[in-house]
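Student: Start from the sequences, fold in the hints, and give me the full structure.
Residue numbers (my numbering), protein chains in the order written: chain S, 38 to 510; chain V, 38 to 510.
These are calculated hints, taken from the structure and not from any lab test.
Treat the hints with caution; some may be incorrect.
Said to hold, decoys possible - Label pairs and their in silico Cβ distance ranges:
#1 T85/S <-> D216/V: 40 to 46 Å
#2 P485/V <-> A387/S: 57 to 63 Å
#3 D486/V <-> M38/S: 35 to 41 Å
#4 V304/V <-> G334/S: 32 to 38 Å
#5 A493/V <-> T445/S: 43 to 49 Å
#6 T85/S <-> P485/V: 16 to 22 Å
#7 R332/V <-> E161/S: 30 to 36 Å
#8 R74/S <-> A355/V: 57 to 63 Å
#9 A46/V <-> T85/S: 55 to 61 Å
#10 A330/V <-> D216/S: 55 to 61 Å
#11 A355/V <-> G334/S: 19 to 25 Å
Positions of the beta carbon are idealized from the N, C-alpha and C atoms, including for glycine.
There are 2 protein chains.
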Amino acid sequence: MIDKLHIDALAGILGDKGVVTRPEDLEAYETGARYDRGRTSLVLRPATTEEVSAVVAYCVTSGIALIPQSGNTGLVSGSTPDPSGDEAVLSLDRLAKRFELDLDNRSVRLDAGFRLSDLNRKLEEHGLFFPIDLGADPRIGGMIATNTGGSRFLKYGDVRRNTLGLKVVLADADGTVLDLQCDLRKNNTGVDWKQIFVGTSGAFGIVTECVLNLERLPQQTATALLVPASGAHVLPLLRAMEERLGAYLSAFEGMSKNAVTAAFAHVPSLKNPFQAGQVPDYVILAEISRTWAPREGEQSLDAVLESALAEIWEMEEAPLADAFVGPPHEIWALRHALSEGVKHLGKLIAFDVSFRRGDIMAFCDHMKAEMPSKFPDVTVCDFGHIGDGGVHFNLVVPKDSDLLKDETFEPRLREWVFAVAVEEYHGSFSAEHAIGRRNQAYYDLYTPDKLKDMAAGLKTLTSPAKLGSVRFG
Amino acid sequence: MIDKLHIDALAGILGDKGVVTRPEDLEAYETGARYDRGRTSLVLRPATTEEVSAVVAYCVTSGIALIPQSGNTGLVSGSTPDPSGDEAVLSLDRLAKRFELDLDNRSVRLDAGFRLSDLNRKLEEHGLFFPIDLGADPRIGGMIATNTGGSRFLKYGDVRRNTLGLKVVLADADGTVLDLQCDLRKNNTGVDWKQIFVGTSGAFGIVTECVLNLERLPQQTATALLVPASGAHVLPLLRAMEERLGAYLSAFEGMSKNAVTAAFAHVPSLKNPFQAGQVPDYVILAEISRTWAPREGEQSLDAVLESALAEIWEMEEAPLADAFVGPPHEIWALRHALSEGVKHLGKLIAFDVSFRRGDIMAFCDHMKAEMPSKFPDVTVCDFGHIGDGGVHFNLVVPKDSDLLKDETFEPRLREWVFAVAVEEYHGSFSAEHAIGRRNQAYYDLYTPDKLKDMAAGLKTLTSPAKLGSVRFG
Chain S
38 MIDKLHIDAL AGILGDKGVV TRPEDLEAYE TGARYDRGRT SLVLRPATTE
88 EVSAVVAYCV TSGIALIPQS GNTGLVSGST PDPSGDEAVL SLDRLAKRFE
138 LDLDNRSVRL DAGFRLSDLN RKLEEHGLFF PIDLGADPRI GGMIATNTGG
188 SRFLKYGDVR RNTLGLKVVL ADADGTVLDL QCDLRKNNTG VDWKQIFVGT
238 SGAFGIVTEC VLNLERLPQQ TATALLVPAS GAHVLPLLRA MEERLGAYLS
288 AFEGMSKNAV TAAFAHVPSL KNPFQAGQVP DYVILAEISR TWAPREGEQS
338 LDAVLESALA EIWEMEEAPL ADAFVGPPHE IWALRHALSE GVKHLGKLIA
388 FDVSFRRGDI MAFCDHMKAE MPSKFPDVTV CDFGHIGDGG VHFNLVVPKD
438 SDLLKDETFE PRLREWVFAV AVEEYHGSFS AEHAIGRRNQ AYYDLYTPDK
488 LKDMAAGLKT LTSPAKLGSV RFG
Chain V
38 MIDKLHIDAL AGILGDKGVV TRPEDLEAYE TGARYDRGRT SLVLRPATTE
88 EVSAVVAYCV TSGIALIPQS GNTGLVSGST PDPSGDEAVL SLDRLAKRFE
138 LDLDNRSVRL DAGFRLSDLN RKLEEHGLFF PIDLGADPRI GGMIATNTGG
188 SRFLKYGDVR RNTLGLKVVL ADADGTVLDL QCDLRKNNTG VDWKQIFVGT
238 SGAFGIVTEC VLNLERLPQQ TATALLVPAS GAHVLPLLRA MEERLGAYLS
288 AFEGMSKNAV TAAFAHVPSL KNPFQAGQVP DYVILAEISR TWAPREGEQS
338 LDAVLESALA EIWEMEEAPL ADAFVGPPHE IWALRHALSE GVKHLGKLIA
388 FDVSFRRGDI MAFCDHMKAE MPSKFPDVTV CDFGHIGDGG VHFNLVVPKD
438 SDLLKDETFE PRLREWVFAV AVEEYHGSFS AEHAIGRRNQ AYYDLYTPDK
488 LKDMAAGLKT LTSPAKLGSV RFG
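Tutor: This is the structure:
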């Protein structure tokens with residue numbers, strides 16, 4: 038519990054709107070998007086960088102541990118308080134005023150508490166967007182702290198690539214404000230300090246403002262569902278598409294038969310282009326897009342996609358067995374229904390792993406082959422971003438399985454999946470969700486001692502006080 | 038001078054090929070590409086990461102200062118020894134064996150001593166390239182240490198964006214090898230340590246191997262010289278081009294009248310599309326490209342460019358006054374002749390600065406207006422990368438000017454240009470050349486104390502011994 042005297046002092050800094058203490062109001066801040074329920078007796082809601090600095094200075098001096106919380110949509114328990122009730126949540130939800138669009142520079146300077154959807158709504162009239170495409174609707178500060186990627190990484194990259202500058206408050210006795218808020222694209226004048234605050238779960242500082250690169254909104258999009266000739270043809274198919282469509286290619290998503298079948302079975306609104314009962318072993322969603330309106334004399338984007346597919350069809354050892362070009366909303370509806378469909382099969386245990394692109398299918402095949410002997414009731418329903426190497430390696434256990442009565446089951450399962458992913462396939466145990474409390478043990482396990490020591494040193498250099506959910510020190 | 042005993046010990050580690058001591062052989066390593074002549078009595082040429090580690094450990098333990106040197110093509114005195122003769126050069130020129138191409142992952146793992154041209158020659162048969170386009174032919178390790186950008190930044194980004202992983206040797210008593218050689222595109226499992234070695238002139242460690250992202254080679258290119266309606270129309274023209282050509286746009290280079298006139302006057306092979314004596318105040322080189330071969334039914338790329346320009350031509354307040362679509366080699370010949378042309382005018386004093394894109398023209402106009410009263414003999418011959426905000430702000434002084442007899446002239450000029458660029462226009466004093474000895478004073482001047490302290494702390498954490506030309510500690 039946090040002492041009443043401290044709460045009063047913090048209310049003095051932030052005003053009544055800036056401090057939440059009523060249990061019914063605290064609940065939303067205690068509860069993660071999908072997992073997790075922690076406890077807190079105090080949520081701080083500063084509305085400016087200066088207020089963040091003042092409350093951080095107060096809390097550091099008074100020994101109150103802080104959990105920065107942005108949209109709270111993360112999946113690794115990075116933004117919820119622990120169960121002790123001793124941590125105060127520092128929410129960014131009122132830090133959403135500053136919005137300075139620079140059309141010439143194709144960038145925006147804004148407070149870190151903006152939601153992605155609000156940002157993109159404001160940008161739409163200018164034909165621009167922040168090109169990170171996600172299922173959730175996070176706030177920007179949290180997107181920076183987790184370095185989210187999403188489904189269009191192949192074309193636009195991740196948050197790191199699209200962040201030009203940051204303003205950060207450090208967890209020291211002064212609540213030091215670091216102004217790294219450069220809006221330049223080319224600048225090599227020393228250490229690029231913003232990089233250490235991207236993807237590190239808020240442990241090194243609280244992002245309060247940022248300058249983001251923006252991209253032109255696509256005005257034409259063409260999509261297809263592709264059936265590779267076999268699992269071994271998925272990468273040749275990707276390479277053939279990259280060769281023929283280059284910078285047009287904006288998504289190349291893979292979906293396993295199990296995931297697709299579950300979606301068709303449980304989301305009746307979906308159009309099924311395949312013969313009933315004939316869902317292929319693997320399906321690719323390919324999207325191409327361009328940023329200008331259709332122009333006279335120019336081939337339509339559907340025709341561009343069709344002629345590229347026709348060329349691929351005629352290759353020797355063609356990697357393509359079948360293809361369905363269709364309207365983007367119908368094609369993406371299947372991709373977006375996968376999570377929903379899979380959840381109907383039982384308890385979902387999700388892994389966000391990544392590999393060299395050529396190893397994705399091999400990893401999934403390996404796991405499918407081993408699973409029956411290791412964990413007989415578990416079904417693999419993988420899907421993911423083949424174009425960038427990320428896999429949502431989703432496992433499902435029937436709700437009545439005995440495995441779920443065994444407390445050691447989930448830890449054993451996680452340990453095995455990560456061991457194969459990291460040790461055998463040189464993959465990552467967290468592709469785009471960062472660390473959080475949920476992955477702390479794997480950070481501890483898989484990070485070389487020298488890098489752990491350096492991270493601890495960096496923590497001392499920047500934010501010596503405890504900050505956030507991850508222990509780097 | 039370096040003691041003979043040490044030289045013998047190092048020859049014992051590296052073999053005879055790995056140690057250079059003959060004055061006539063040392064000269065190339067003592068001399069920078071454009072500026073600078075230092076002195077050394079010893080060049081070390083390790084051929085593997087293990088040899089780098091062994092010689093670094095020896096030199097750190099023995100107190101021998103090391104200057105890592107890659108292609109030695111940099112422009113900020115970053116890779117040449119100082120005049121004392123006490124520094125040993127550690128050259129990467131024999132570290133060029135490992136070359137592991139991963140076509141599925143569109144990446145290559147290679148030793149850092151490869152030259153850019155050699156890398157791209159090996160990639161060409163696969164239709165791939167490392168998409169950093171430069172006038173010089175550096176080695177890859179140096180490109181990482183300076184985070185080069187170049188003329189196609191607008192489309193492909195800088196070296197940072199295209200570096201997936203690194204192997205680095207730290208300047209400590211063990212010559213610790215840090216393996217950050219990840220070949221994943223999505224990976225968020227802690228501090229992304231590779232970022233601190235990019236663009237920091239080798240002060241935090243010596244890059245010995247890397248994994249690079251590769252892109253598809255363009256198969257079609259269309260180019261034009263564009264005349265903006267006025268200086269104020271340069272940015273509206275860029276925005277109109279981005280709106281209509283999106284991911285096709287691969288260069289948008291600006292060239293001032295002074296630079297273009299000098300090129301036409303002194304490089305007779307150039308084709309001049311303008312009326313004689315009618316060089317416009319400002320000229321844009323625009324390039325669009327795509328990565329596939331011409332396809333039946335598809336508009337030619339020249340036609341795409343022409344129809345976009347026709348649309349821009351018909352805009353209200355059209356930003357375009359004239360346009361010449363022509364073959365890429367002719368159009369680029371002008372851009373590549375600018376440096377040569379400008380050098381004929383007198384002594385060249387070059388600045389590599391950058392701005393928000395919307396501030397480039399304002400800065401150049403400001404300087405052109407002020408120059409006659411500040412430094413009457415100096416002519417501004419600017420050109421640069423409008424698409425990414427970088428400007429080669431080149432100043433020329435006639436060889437017979439009295440200014441060149443005044444020792445205080447060049448320091449006063451530099452001080453003034455950087456003060457206006459950084460303090461008034463919030464620009465960068467080094468867009469894509471990094472720091473080196475040449476920009477050390479400006480790093481010291483313009484870096485906030487807190488960031489200097491953090492950099493000193495980071496130096497202690499990584500490479501506590503002196504390394505390279507820049508003092509971060």
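Student: Next, verify each hint and record whether it holds.
Tutor: Structure-based check of all given hints:
{"no.": "1", "hint": "T85/S <-> D216/V: 40 to 46 Å", "result": "holds, 42 Å"}
{"no.": "2", "hint": "P485/V <-> A387/S: 57 to 63 Å", "result": "violated, 42 Å"}
{"no.": "3", "hint": "D486/V <-> M38/S: 35 to 41 Å", "result": "holds, 39 Å"}
{"no.": "4", "hint": "V304/V <-> G334/S: 32 to 38 Å", "result": "holds, 37 Å"}
{"no.": "5", "hint": "A493/V <-> T445/S: 43 to 49 Å", "result": "holds, 48 Å"}
{"no.": "6", "hint": "T85/S <-> P485/V: 16 to 22 Å", "result": "holds, 20 Å"}
{"no.": "7", "hint": "R332/V <-> E161/S: 30 to 36 Å", "result": "holds, 32 Å"}
{"no.": "8", "hint": "R74/S <-> A355/V: 57 to 63 Å", "result": "holds, 60 Å"}
{"no.": "9", "hint": "A46/V <-> T85/S: 55 to 61 Å", "result": "holds, 60 Å"}
{"no.": "10", "hint": "A330/V <-> D216/S: 55 to 61 Å", "result": "violated, 48 Å"}
{"no.": "11", "hint": "A355/V <-> G334/S: 19 to 25 Å", "result": "holds, 21 Å"}
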